[in-house]
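Student: Each chain, letter by letter, is given below.
Number of protein chains: 2
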Amino acid sequence: MELKILIDRYQTAINTVTRSVNNTLKNKVHADITTDQFSTLHYIHTHDSSTSTEIAQAFGIGKSAVTAQINRLFDKGLIERKRDEKDRRIVYLSVTDKGVEFIDFTEVELHKVLGKHLSHFDKHEIHTFIEALEKLAKLMEE
Amino acid sequence: MELKILIDRYQTAINTVTRSVNNTLKNKVHADITTDQFSTLHYIHTHDSSTSTEIAQAFGIGKSAVTAQINRLFDKGLIERKRDEKDRRIVYLSVTDKGVEFIDFTEVELHKVLGKHLSHFDKHEIHTFIEALEKLAKLMEE
DNA sequence: TTTAATGGTTCAATAGGTGAACTATTCACT
DNA sequence: AGTGAATAGTTCACCTATTGAACCATTAAA
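Top line first, the protein sequences correspond to chains C and F.
1367 is the number of the first residue of the first sequence in the numbering used here; add one for each residue after it.
1367 is the number of the first residue of the second sequence in the numbering used here; add one for each residue after it.
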């Protein structure tokens, strides 16, 4: 069936892209952070007073996995923990100054590389691509 | 810049899709194999007399990582190793009958789920999507 | 025939993940 | 007010995936 071939092509291509982004992050940017860690850091940066549970839900992983991730970022001095004064179970996460600096630098470098590749596409091409991907993601979310 | 937003949207969507495929594989199909393992198994199936080095190159990972992966599949009785008679350094990998059965079953189940989602797209939409992804992959490969 | 190079494995270390058990705290309700 | 359930987060034991260096066996090259 044709579906089979399309899925194969998708898998092969998406592997290449994902691997390439990881390598870019590793080589061109900073050696001392992984793609997963950067994703978490970035999430905390863009979501004010986020919590572990929220991140676990957003990333579809267990809370204990988030704790481990948070610890790694904390040990590197990139994020802070702050207990809620009213509900003392909750720990709010935020990015430190060092963390913000790190994100800014990393994004500039990452966008340099990606921007170069994306210049081979026209605007319409990019938009239909992203929209198709988002449509698929939305369908799969349920 | 607009690029920043596009990359964010891409990251969010691709995370959802990848996670969803993983979960489908885990829940609906077999509990006893991971997505990575299935990818390797599938590669061996579709590439005749493949070797560790070849897989390492195709997946962009080290040889030792492949050995570990191969061992897991071997322990489950899904693949076989066969030494080359002429050049005795080379070990050819092939999928066992049990492995082939496993792949067939898994693909049917996976395609059921994916097919249902993809029915919301028209042919043209799917093709431009895959082609854009492959174009990006190709650009990034260098 | 020494010396390279190649193919694969082993080993220690790190990251990422699961799921269950646990602590602390707040909520709900009779 | 007091007991039990729910919630937030951590810890623990265990597994998968990956790296990179050291290593063994084998073949190729000088």
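These aren't lab readings, by the way, just hints derived from the structure by calculation.
Hints may contain errors.
If several chains are the same, the list does not tell them apart, and a pair holds so long as it fits within one copy or across any two.
Below, computed lysine-lysine pairings styled on DSS-like, alpha-carbon distance capped at 27 Å [to be verified]:
| id | residue 1 | residue 2 |
| --- | --- | --- |
| 1 | 1504 | 1452 |
| 2 | 1370 | 1482 |
| 3 | 1489 | 1504 |
| 4 | 1452 | 1501 |
| 5 | 1429 | 1482 |
| 6 | 1442 | 1482 |
| 7 | 1452 | 1489 |
| 8 | 1501 | 1489 |
| 9 | 1504 | 1464 |
| 10 | 1504 | 1448 |
| 11 | 1501 | 1482 |
| 12 | 1370 | 1501 |
| 13 | 1370 | 1464 |
| 14 | 1464 | 1489 |
| 15 | 1482 | 1452 |
| 16 | 1370 | 1392 |
| 17 | 1501 | 1442 |
| 18 | 1392 | 1482 |
Student: Under the constraints set out in the numbered hints, which ones does this structure not fulfil?
Tutor: 1, 4, 5, 6, 7, 9, 10, 14, 15 and 17
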